[in-house]
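**Student:** Listed below are the residues making up each chain.
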Amino acid sequence: MKSAVIVFPGSNCDRDMAVALEKVTGKKPEMVWHQSADFEKVDFIALPGGFSYGDYLRCGAMSARSTVMKEVIKRAEAGVPVLGVCNGFQVLTETGLLPGALMRNASLHFVCRDVELEVANDASLFTNGYTAGSNITIPVAHHDGNYYADKETLDALEGEGQVAFRYAEDINGAQRRIAGVLNKKGNVLGMMPHPERMIEPALGGSDGRVLFESVMNRLG
Amino acid sequence: MKARIHVTLKNGVLDPQGKAIEHALGNMGFDGVEAARQGKYIELDLAAGTSKEAVDEMCRKLLANTVIENYSIELE
Chain A
1 MKSAVIVFPG SNCDRDMAVA LEKVTGKKPE MVWHQSADFE KVDFIALPGG
51 FSYGDYLRCG AMSARSTVMK EVIKRAEAGV PVLGVCNGFQ VLTETGLLPG
101 ALMRNASLHF VCRDVELEVA NDASLFTNGY TAGSNITIPV AHHDGNYYAD
151 KETLDALEGE GQVAFRYAED INGAQRRIAG VLNKKGNVLG MMPHPERMIE
201 PALGGSDGRV LFESVMNRLG
Chain B
1001 MKARIHVTLK NGVLDPQGKA IEHALGNMGF DGVEAARQGK YIELDLAAGT
1051 SKEAVDEMCR KLLANTVIEN YSIELE
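If you read the sequences in order, they're chains A and B.
If you use the numbering used here, the first sequence corresponds to residues 1 to 220, in order.
If you use the numbering used here, the second sequence corresponds to residues 1001 to 1076, in order.
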């Protein structure tokens, strides 16, 4: 599986994502700079976590309008799997590839710890290695992870199985404890927790690895 | 010419920063603050003749996230 990690100025989790992808897929991902107008054909695109453009204006707002995102949006719409983690999730909502928005944590605290997630959907490209209803542990590190969408959107997301993960307990005020959402087609996933930081026992667990393996299982 | 743009969270969207301001004012002994909302102020210097429609488009496409925010524009 050939993958790409989009590199925005200010992001600090792009290398974590690259290491995880290389360990799980066996191939170094292509690192694609935000000003690139085009990049090599890949099977999987990752938008990393970490304060792109210093979170200026709103988290993810600047990145969502960067040159490379025009190409990412085009490929996502054509069906290429795209994963956005943390700031990457914020970027995906800002582009409109995913519904809703991510707001300041209700507690106003930066939350940085391992959290328990409930797997809400185990049929998707990204989650087929998990069992729906089971709990997994993945770390979070964010100030703006409070997922917001209006009631109709939330009902539609739940009705269509687009909620991938929920927090086992409320950690940031997110509507209906939503931690990760899929687009309608199921090829775009945004989530606040960091699966790339949980890919082997040395990092504290392997629950995040299953997400990348799920994609590989489907794509080969 | 200048555009002065105010971006505010929509009514009904929880504003934790506004809540913190409201509580702090209460703690300081200021009575009568029933609610506080925090927003953003953006000032643009524009070439003469820039249309309000263009500024509106800037707001919709970048300056405000219309999922959660409202905006208002003053041109001068």
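No lab work stands behind these hints: they were computed from the structure.
Careful, some of the hints might be misleading.
To be clear about the criterion: a stretch of chain B counts as covered by chain A if any three or more of its residues have a C-beta under 8 Å from a C-beta of chain A, and this derived list gives those stretches [claimed, not checked]:
{"id": "1", "segment": "1014-1020"}
{"id": "2", "segment": "1059-1067"}
With a straight-line Cα cutoff of 30 Å, these simulated DSS-like cross-link-like pairs (lysine-lysine) come out [claimed, not checked]:
{"id": "3", "chain 1": "A", "residue 1": "Lys184", "chain 2": "B", "residue 2": "Lys1061"}
{"id": "4", "chain 1": "A", "residue 1": "Lys151", "chain 2": "B", "residue 2": "Lys1040"}
{"id": "5", "chain 1": "B", "residue 1": "Lys1010", "chain 2": "A", "residue 2": "Lys184"}
{"id": "6", "chain 1": "A", "residue 1": "Lys151", "chain 2": "B", "residue 2": "Lys1002"}
{"id": "7", "chain 1": "B", "residue 1": "Lys1010", "chain 2": "A", "residue 2": "Lys70"}
{"id": "8", "chain 1": "A", "residue 1": "Lys41", "chain 2": "A", "residue 2": "Lys28"}
{"id": "9", "chain 1": "A", "residue 1": "Lys2", "chain 2": "A", "residue 2": "Lys185"}
{"id": "10", "chain 1": "A", "residue 1": "Lys70", "chain 2": "B", "residue 2": "Lys1019"}
{"id": "11", "chain 1": "B", "residue 1": "Lys1061", "chain 2": "A", "residue 2": "Lys27"}
{"id": "12", "chain 1": "B", "residue 1": "Lys1002", "chain 2": "B", "residue 2": "Lys1052"}
{"id": "13", "chain 1": "A", "residue 1": "Lys41", "chain 2": "B", "residue 2": "Lys1061"}
Here are the simulated distance ranges between beta carbons [unchecked claim]:
{"id": "14", "chain 1": "A", "residue 1": "Glu116", "chain 2": "B", "residue 2": "Arg1037", "range": "46 to 52 Å"}
{"id": "15", "chain 1": "A", "residue 1": "Glu116", "chain 2": "B", "residue 2": "Ile1021", "range": "44 to 50 Å"}
{"id": "16", "chain 1": "B", "residue 1": "Ala1036", "chain 2": "A", "residue 2": "Lys28", "range": "47 to 53 Å"}
{"id": "17", "chain 1": "A", "residue 1": "Gly54", "chain 2": "B", "residue 2": "Lys1061", "range": "32 to 38 Å"}
{"id": "18", "chain 1": "A", "residue 1": "Asn217", "chain 2": "B", "residue 2": "Ile1073", "range": "49 to 55 Å"}
{"id": "19", "chain 1": "A", "residue 1": "Lys2", "chain 2": "B", "residue 2": "Gln1038", "range": "40 to 46 Å"}
{"id": "20", "chain 1": "B", "residue 1": "Leu1062", "chain 2": "A", "residue 2": "Gly133", "range": "38 to 44 Å"}
{"id": "21", "chain 1": "B", "residue 1": "Ile1073", "chain 2": "A", "residue 2": "Ala202", "range": "34 to 40 Å"}
{"id": "22", "chain 1": "B", "residue 1": "Arg1037", "chain 2": "A", "residue 2": "Thr131", "range": "41 to 47 Å"}
{"id": "23", "chain 1": "B", "residue 1": "Ile1073", "chain 2": "A", "residue 2": "Thr131", "range": "48 to 54 Å"}
{"id": "24", "chain 1": "B", "residue 1": "Leu1075", "chain 2": "A", "residue 2": "Gly161", "range": "30 to 36 Å"}
{"id": "25", "chain 1": "B", "residue 1": "Arg1004", "chain 2": "A", "residue 2": "Thr131", "range": "49 to 55 Å"}
{"id": "26", "chain 1": "B", "residue 1": "Lys1040", "chain 2": "A", "residue 2": "Val111", "range": "32 to 38 Å"}
C-beta atoms are modelled at their ideal positions from N, C-alpha and C, and glycine is treated no differently.
**Student:** Each hint should be assessed against the structure and marked as holding or not.
**Tutor:** These are the hints, each one checked on the structure:
Counting residues of the segment 1014-1020 of chain B whose C-beta sits closer than 8 Å to any C-beta of chain A gives 4, which meets the bar of three, so the coverage hint holds. Figure legend: the segment 1059-1067 of chain B, annotated as covered by chain A; annotation consistent (5 residues with Cβ-Cβ distances under 8 Å, at least 3 required). A hinted pair counts as satisfied when its Cα atoms are at most 30 Å apart, and lysine 184(A) with lysine 1061(B) qualifies at roughly 23 Å. Between lysine 151(A) and lysine 1040(B) the CA atoms are separated by roughly 25 Å; this keeps the pair inside 30 Å, and the hint holds.
Taken as a hint, the lysine 1010(B) and lysine 184(A) pair is honoured in the structure, with Cα atoms around 26 Å apart against an allowance of 30 Å. Taking the CA atoms of lysine 151(A) and lysine 1002(B), the gap is near 37 Å; set against the 30 Å cutoff, the hint is violated. For the given pair, lysine 1010(B) sits about 28 Å from lysine 70(A) by alpha-carbon distance, which is consistent with the 30 Å threshold. Taking the CA atoms of lysine 41(A) and lysine 28(A), the gap is near 14 Å; set against the 30 Å cutoff, the hint holds.
Between lysine 2(A) and lysine 185(A) the alpha-carbon distance is near 21 Å, which keeps this suggested pair within the 30 Å criterion. The suggested pairing of lysine 70(A) with lysine 1019(B) is violated, with an alpha-carbon distance near 37 Å, which exceeds 30 Å. Between lysine 1061(B) and lysine 27(A), the direct Cα distance comes to roughly 37 Å. Violation of the 30 Å bound is thereby established for this hinted pair. Taking the CA atoms of lysine 1002(B) and lysine 1052(B), the gap is about 11 Å. The hint holds against a cut of 30 Å.
Distance hint between lysine 41(A) and lysine 1061(B) is fulfilled; the C-alpha atoms sit about 28 Å from each other, no more than 30 Å. Distance hint check: the CB atoms of glutamate 116(A) and arginine 1037(B) are about 33 Å apart, inconsistent with the given range 46 to 52 Å. A beta carbon spacing of about 33 Å between glutamate 116(A) and isoleucine 1021(B) contradicts the range 44 to 50 Å that was offered as a hint. A C-beta distance of roughly 50 Å is found between alanine 1036(B) and lysine 28(A), which places it inside the suggested range of 47 to 53 Å.
As the Cβ distance of glycine 54(A) to lysine 1061(B) is approximately 20 Å, the hint placing it in 32 to 38 Å is violated. Checked against the hint of 49 to 55 Å, the C-beta distance between asparagine 217(A) and isoleucine 1073(B) comes to roughly 50 Å, which is consistent with it. In this structure, lysine 2(A) and glutamine 1038(B) meet the distance hint of 40 to 46 Å, their C-beta atoms being roughly 44 Å apart. Against the hinted window of 38 to 44 Å, the Cβ-Cβ separation of leucine 1062(B) and glycine 133(A) comes to about 40 Å, which satisfies the hint.
Checked against the given bound of 34 to 40 Å, the beta carbons of isoleucine 1073(B) and alanine 202(A), roughly 53 Å apart, lie outside it. Checked against the hint of 41 to 47 Å, the C-beta distance between arginine 1037(B) and threonine 131(A) comes to roughly 43 Å, which is consistent with it. Between isoleucine 1073(B) and threonine 131(A) the beta carbon distance is about 51 Å. The supplied range of 48 to 54 Å therefore holds. At roughly 46 Å, the beta-carbon separation of leucine 1075(B) and glycine 161(A) lies outside the given 30 to 36 Å, and the hint is violated.
Distance hint check for arginine 1004(B) and threonine 131(A): the Cβ-Cβ separation is about 54 Å, which falls inside the suggested range of 49 to 55 Å. For lysine 1040(B) paired with valine 111(A), a C-beta distance near 23 Å fails the hint of 32 to 38 Å.
Of the numbered hints listed earlier, those contradicted by the structure are 6, 10, 11, 14, 15, 17, 21, 24 and 26.
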